[in-house]
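K.L.:
Chains X and Z supply the protein sequences, listed in that same order.
Residue numbers are given in the numbering used here: position 72 of the first sequence equals residue 70, and the series is strictly consecutive.
Count along the second sequence from 1, then add 133; that gives the number in the numbering used here.
These are computed hints drawn from the structure, not numbers from a lab.
Quick reminder that beta carbons are idealized off the backbone N, C-alpha and C, glycines included.
Mixed in with the good hints, there may be bad ones.
[Unchecked claim] Derived contacts from chain Z toward chain X, CB cut-off under 7 angstroms, selection only:
1. R174
2. F234
3. G235
Each chain, letter by letter, is given below.
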Amino acid sequence: DGGITQSPKYLFRKEGQNVTLSCEQNLNHDAMYWYRQDPGQGLRLIYYSQIVNDFQKGDIAEGYSVSREKKESFPLTVTSAQKNPTAFYLCASSTGSFQPQHFGDGTRLSIL
Amino acid sequence: SQQGEEDPQALSIQEGENATMNCSYKTSINNLQWYRQNSGRGLVHLILIRSNEREKHSGRLRVTLDTSKKSSSLLITASRAADTASYFCATSNNAGNMLTFGGGTRLMVKP
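Just chain Z, same shape as in the assembly:
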């Protein structure tokens, strides 16, 4: 079974709007990572947040982590058509040697 589950499964917005994706997980984690995948391509790492961090920023990306609720969110501000992609959360097990991915959120940004 997958550790992380993203919500919503699909999201369609207009360019310039903000996009928020959520991820829930089941067991304790060392860190949580977000990745982007363009259609037919490999994944690209976006941001890593450790279990003792609550919020992290990178450019137009903002990630929050709530370990008490076992959830994380990814906010993309001022979205662009180029942000159209699938976004996955992944959690690292305590040994750090395995990532478990959720099913992803498919984001479409309309120009």
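Same shape as in the complex, but just chain X:
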């Protein structure tokens, strides 16, 4: 079955540590996205990529970094510069502009 796989489901970060969240899709989608969701809130866009080797900042990119070396993969690194990283992180993909997005089941990041 095609879909988006996010791993791990739960992740704990120590102060001053960088952590990387994995997102893999086998839908052959060109576009991929990372969102942050805080409790009881909507989604905010961190980064998006419309094509391999290209990505753009979203509304809240500070303290985060991404790469898009392969069409299937769009990992997100939460750096130590992100002072409030505790949140639910969602990855999504779509066939392109104006199209519905397909979501993974998220990674919940907490600070130790």
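Here the structure of chain X is known, so what remains is to put chain Z in place on it, guided by the hints.
P.N.:
Leaving out everything else, chain Z in the frame of chain X:
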């Protein structure tokens, strides 16, 4: 700031009743999409309505769009306990490369 704002923030109904959620937005849009999120899970796309459409149906879902009022509504008819979830509207910018989500409506359907 968020483009879409849902109303109400929370809604509790009995099974079999209809549920109506509203979404307002601020700027011009290309399309508006509705998504469902079960607790602790990712979002699932429900329906997309384009700016030149006024109404769209999908099974028990009915979506309306009023671009003059910059608002949309999602109606779920004959609700079921399995419809319990959060529902979000999202608007696409004119370039189509970004979705902006509202804060969501948390729907509880009691059996």
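K.L.:
Next, verify each hint and record whether it holds.
P.N.:
How the hints compare with the structure:
no.	hint	verdict
1	R174	holds, 5 angstroms
2	F234	holds, 4 angstroms
3	G235	holds, 5 angstroms
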